[in-house]
Each structure stands twice: as structure tokens, then as C-alpha cells.
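Kindly generate the complete structure, drawing on both the sequences and the hints.
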Amino acid sequence: GEDVEQSLFLSVREGDSSVINCTYTDSSSTYLYWYKQEPGAGLQLLTYIFSNMDMKQDQRLTVLLNKKDKHLSLRIADTQTGDSAIYFCAEGPDTGRRALTFGSGTRLQVQP
Amino acid sequence: EADIYQTPRYLVIGTGKKITLECSQTMGHDKMYWYQQDPGMELHLIHYSYGVNSTEKGDLSSESTVSRIRTEHFPLTLESARPSHTSQYLCASGRGLGYTFGSGTRLTVV
Numbered sequence: 019g020e021d022v023e024q025s026l027f028l029s030v031r032e033g034d035s036s037v038i039n040c041t042y043t044d045s046s047s048t049y050l051y052w053y054k055q056e057p058g059a060g061l062q063l064l065t066y067i068f069s070n071m072d073m074k075q076d077q078r079l080t081v082l083l084n085k086k087d088k089h090l091s092l093r094i095a096d097t098q099t100g101d102s103a104i105y106f107c108a109e110g111p112d113t114g115r116r117a118l119t120f121g122s123g124t125r126l127q128v129q130p
Numbered sequence: 020e021a022d023i024y025q026t027p028r029y030l031v032i033g034t035g036k037k038i039t040l041e042c043s044q045t046m047g048h049d050k051m052y053w054y055q056q057d058p059g060m061e062l063h064l065i066h067y068s069y070g071v072n073s074t075e076k077g078d079l080s081s082e083s084t085v086s087r088i089r090t091e092h093f094p095l096t097l098e099s100a101r102p103s104h105t106s107q108y109l110c111a112s113g114r115g116l117g118y119t120f121g122s123g124t125r126l127t128v129v
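As they're listed, the protein sequences go chains A and B.
Here the first sequence is numbered in the numbering used here, starting from 19 and rising by one per residue.
Here the second sequence is numbered in the numbering used here, starting from 20 and rising by one per residue.
FYI, nobody ran anything at the bench for these hints, they're computed from the structure.
Values in this document were obtained by computation on a predicted structure and should not be read as measured data.
Glycine is no exception: its CB is placed at the ideal position from the N, C-alpha and C atoms.
Each hint should be verified, as a subset may be incorrect.
As the list claims (entries may be wrong) - Computed spacing ranges between beta-carbons, pair by pair: (1) A:ARG31 x B:THR96: 21 to 31 angstroms; (2) B:THR84 x A:ASP72: 21 to 31 angstroms; (3) B:THR105 x A:ASP72: 41 to 51 angstroms; (4) A:ASP44 x B:TYR69: 32 to 42 angstroms; (5) A:ALA59 x B:MET46: 10 to 20 angstroms; (6) A:THR43 x B:PRO58: 46 to 56 angstroms; (7) A:GLY33 x B:ASN72: 50 to 60 angstroms; (8) B:ASN72 x A:GLU32: 45 to 55 angstroms; (9) B:VAL71 x A:PRO111: 21 to 31 angstroms; (10) A:GLN127 x B:HIS63: 40 to 50 angstroms; (11) A:SER69 x B:GLY70: 23 to 33 angstroms; (12) B:GLU98 x A:SER69: 34 to 44 angstroms; (13) B:THR84 x A:ARG116: 39 to 49 angstroms; (14) A:SER46 x B:ASN72: 49 to 59 angstroms.
What the hints assert, rightly or not - Now the stretches of chain A that chain B is said to cover, found in silico as 3 or more residues with beta-carbon under 8 angstroms: (15) 57-65; (16) 119-128.
To be verified - Cross-link-like lysine-lysine pairs, in silico, DSSO-like; alpha carbons within 27 angstroms at most: (17) A:LYS54 x A:LYS86; (18) B:LYS50 x A:LYS54; (19) B:LYS76 x A:LYS54.
And the structure:
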């Protein structure tokens, strides 16, 4: 079945860049997503990338996709204390009856 | 602004009680999902629906049931709560790209 893996924890200093990594196994994945979860809240969609793209940039966020290695990363530039949260990657088809598969989440801690 | 609502936000209940967690969305999404989230963060899909009168079990057998009588409403029922059901329950809906999540219900069974 589908599997998505992430490292559990990342600590950075305020102002540095953060890079959160994710690997997935399903080569038929059409879209890959990054979600953010703040304490006591649900997941918020941050950005997504279509599988035929290598990179997508949205303000401080850069998503890189290496489809050959099935590796996805999220780079946050100029990381702020408000970026402290859990970040989930997810993969899934654009249509069809399969639900998204989520990674186990990476807890980002930003030190002031 | 949240367009998907979960109630209650917090619930403490005794073992053996029957409970229903509510989820409603105002976006007209056909697809709706229930996830159980571990204290260790991982999300487990427990039920999903692709439209009215359509429900399917997910990866985790949680001894719960769901119904989808109306597009906007997808309640989750535990017939007999147990301490092992203590968790965060997240509802989500979607139509095309990605899901919109509710704020969750944190359930504690004592």
C-alpha cells in the first residue's frame, strides 16, 4: 500500500531556513501536499505540487519534488516563531476513490 | 474562516457510553473523511464518504459507525466508548485538490 515517511522533529533558530523532508512510495501519486497543524487545531493546507513539476514557490515557502527518488521537501525561508507547528506531507490522486495518505508529521520548533 | 465545523471541541465521557461526534460543512463538498490522530501525531483514516448514502471504512478499525444522509453532515458514532478511544478526532471534506479540516474533537474516555 501507500506509505509516506517524515522525520519526527526539527529545531531551527529564528531567521534561519527550515527544510522538512518527506518520502513516499506510490509512483501513481498525482498531487503532493503540505499541511500545517498548530496546537489544538485541525490541519491547514499550506501548498501543493503537481507530480509533473519540480518546484513551486509561494512567498516564503518552496516545495521541491524529486519524482525519481520519490522525495518531497518544504523549505521555509526566514523562519519565524509563528512557524512552530507540526507539518504533514500527503500524497494522493487527483480523482478516484482513494483518500490522501498522510505522513506521520514533523514537529518544527523555532528558537528565538 | 472555517467552513467545516466539529462539535463538541472537548468531551470527557465514561466507559460504555454512546457518543456522537458532529461534523458539518457548508462548502457543498461530496467527499468527507474522519481521521483519528494519535498523541504521537500520526493520522489514521477511520471512515470516509464520497456522497450521500455512501460510506466506507478506512484503514483503522475504530469500532465506530458513520452516516451520510445529507451532503453537509457526516456524524461519527461510538456505540460503547472505551479508554482506547481516547484521541483527537478530525473531520475533513474535499472536492478537488486537498482537504479542508475541522478544528477537531478531543475525546477522553474515563
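Exercise. Can you list which hints this structure breaks, lowest number first?
Worked result: Numbers 1, 2, 4, 6, 10, 13 and 14, in rising order.
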